[in-house]
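**Q** The chain contents come next:
Number of protein chains: 2
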Amino acid sequence: MTTMSGEAPAGLTDRQDELEAALKALVSERPLPLYRMMGYHMGWVETTGEPRISSPPLRVHGALALLACHTLGGNYSNALPHATAAEYLYNHVLIHDDIRDGNSERDGRASVWWSWGPAQAINTGDGMHALARLSLFEARNNGVSAESVADAIRVLDEANLDTCEGQYRDITLQERLDVSVDEYLSMAESQTGALLSGAVRLGALAGGQADEGVLKGLDEFGRKLGAAMRVADDCDVFWPDGQRDEARQGRLVAKKKTLPVAHVIELGSPTDRRKVGEIYMERVIDPSAADSLVEVLDAAGSKEFSASAISRLLHESVSALESAKVPQDAIDSLSEAAMYLATPSGTVSVPATAREDA
Amino acid sequence: MTTMSGEAPAGLTDRQDELEAALKALVSERPLPLYRMMGYHMGWVETTGEPRISSPPLRVHGALALLACHTLGGNYSNALPHATAAEYLYNHVLIHDDIRDGNSERDGRASVWWSWGPAQAINTGDGMHALARLSLFEARNNGVSAESVADAIRVLDEANLDTCEGQYRDITLQERLDVSVDEYLSMAESQTGALLSGAVRLGALAGGQADEGVLKGLDEFGRKLGAAMRVADDCDVFWPDGQRDEARQGRLVAKKKTLPVAHVIELGSPTDRRKVGEIYMERVIDPSAADSLVEVLDAAGSKEFSASAISRLLHESVSALESAKVPQDAIDSLSEAAMYLATPSGTVSVPATAREDA
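Chains A and B are the protein sequences, given in the same order.
Sequential numbering from 1 applies to the first sequence in my numbering.
Sequential numbering from 1001 applies to the second sequence in my numbering.
Everything labelled a hint here was simulated from the structure, so no lab data went into it.
We put the CB at the ideal spot given by N, CA and C, even for glycine.
Check the hints yourself; a few may be wrong.
What the hints assert, rightly or not - What follows is a set of in silico ranges between Cβ atoms, one per label pair, in the way DEER data are often shown: (1) B:G1073 - A:D329: 45 to 55 Å; (2) A:R52 - B:K1024: 43 to 53 Å; (3) B:Q1328 - A:R52: 32 to 42 Å; (4) B:R1176 - A:S115: 10 to 20 Å; (5) A:V253 - B:P1270: 52 to 62 Å; (6) B:E1282 - A:T47: 21 to 31 Å.
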């Protein structure tokens, strides 16, 4: 996710230092270079193991877990092990994603597989997957009940399996052009939304929330938010602020499915569909073809369609919380966070009216 | 592990049908083709999804979990969820191993990545990793306590992280020739032994075993058994029964580290070391170079050295159980299983005296 711009709401940033310290604690005392690769991925060290001076990115999954715990009546610190677990699970997915998609860069630095090769990167991701749960086991030593730990791990694994189902569908869609809008959004809800849903539900569990209805509402919130963030990211691929950066260029070249393209394919005129088809028939999409593609999307109204989709998904994410009778304070904080996270950083603006709705 | 030959002891095979049914139950009702790839890897279906008629391989990790539960006083069926978890965790490692090592085949069939590409295979392995725990969550619905489930998951994840550490070292050793015997065995104890240790400990936990000393003894048993099985497999690479099969040829070509080679490098004469060095300097080891290598190993006594190493490791595995005061019945069953699992299928025979010791 690279859509965020502007100032993040305090609800997301308030405890980032504590979260960062908890994340670091889990790998910093392990001497094997396996953990140095993990630390590199997290942004704490250089490939040589030298400390790296830079401010960490917003840890979205961890932050949402902390926020959900806090706004649902728990103490921030209760959710630190859960936030750590969610964040490491997400980062395990990123490490494997970069291999799958052949991304040479991650956040402006060489990706793990690019630096150490695919064999080490597959293994580093697997190690991080195992590591994700260690913080929860440690919480148990600190008085968290076995019930609570087992519940949290179940949420974590089910979210993870759901993510893998989404990944499966994403890879399958990549080979096809006739991908409908609904098919795309349903894939995005799993691939991107499942872990966000897992993060907020973990936070809620840490805060002592056991109401099935509330947990179901949070699940829906996370899934719709995931789809909205994904569409926002798609918008930044086609309509960036200034030059398209390497990561976004890479997504274009790899022909990853996006909502604007799904829109033209499903709802565009026969001429527009043919034009998009011709561009996607080429082995790679070079910069000039990318410009032609954006022209077709502009003419077909895909930009406005995508902006409305974000607006609608954000609206649905908040409605899910309202239907589940989540306390209003929590709705306010979570919807403020969602709006920030799903706002494109490029030139697409999400309709104001619908955003006010949300 | 492809070292097993001859009749497996009843302790390992007694409940394989039930185990196989429990393994199948976890994926068979899930319609997404992601689970078909898992079923293909497990040997139940063809790439098309058509059922495959063949007897399943011995599920070593699951069988050891069931055996440990039973011989330590529990009921077989209590350990089915644990056996399933251990077996799926192991198979997740295999799916990723085949990508890492570029294995085109697994048990005489195309590997998952060879059939569906590395992107789907990384994801299928990740999905199986998440799936490994689902059987434990279901056990909780059937009356297993949250404490017991949380304990089991902790054993599973710690074993998994230990395996990843072993993998890391295995990949690193692959680039080096100056690998000592101890360094090799310590890597094998993690990479191969950690999951076997996890499997027997999971079984013991399922059987209600909570004695820390016994669990520690089982841990040591599993780790030494893993190293012994690894060396037995190495022996079959160099001294197979008949023609070297494709998988073993592949391990030679990939220059995976083996105990016989570590033996020559550490303890061989300067001439032998130079010969091995020259063979390993080549980009690939072709069949004629493989023959020369075996000649050097034969002359250096690496075959006998490796056979003694298996014998010693088996002895240590059983001593660990004795020191931990594991009941004699359990020691007898586990050591019988260990001897079967670590017997090379090729022409290397493990010294009889030491085997009797064990």
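**Q** Hints first: check each against the structure and report whether it holds.
**A** Quick rundown of the hints versus the structure:
For the pair G1073 of chain B and D329 of chain A, the beta carbons lie near 52 Å from each other, so the given range of 45 to 55 Å is met. Against the hinted window of 43 to 53 Å, the Cβ-Cβ separation of R52 of chain A and K1024 of chain B comes to about 47 Å, which satisfies the hint. At roughly 56 Å, the beta-carbon separation of Q1328 of chain B and R52 of chain A lies outside the given 32 to 42 Å, and the hint is violated. Between R1176 of chain B and S115 of chain A the beta carbon distance is about 19 Å. The supplied range of 10 to 20 Å therefore holds.
Distance hint check: the CB atoms of V253 of chain A and P1270 of chain B are about 53 Å apart, consistent with the given range 52 to 62 Å. Between E1282 of chain B and T47 of chain A the beta carbon distance is about 29 Å. The supplied range of 21 to 31 Å therefore holds.
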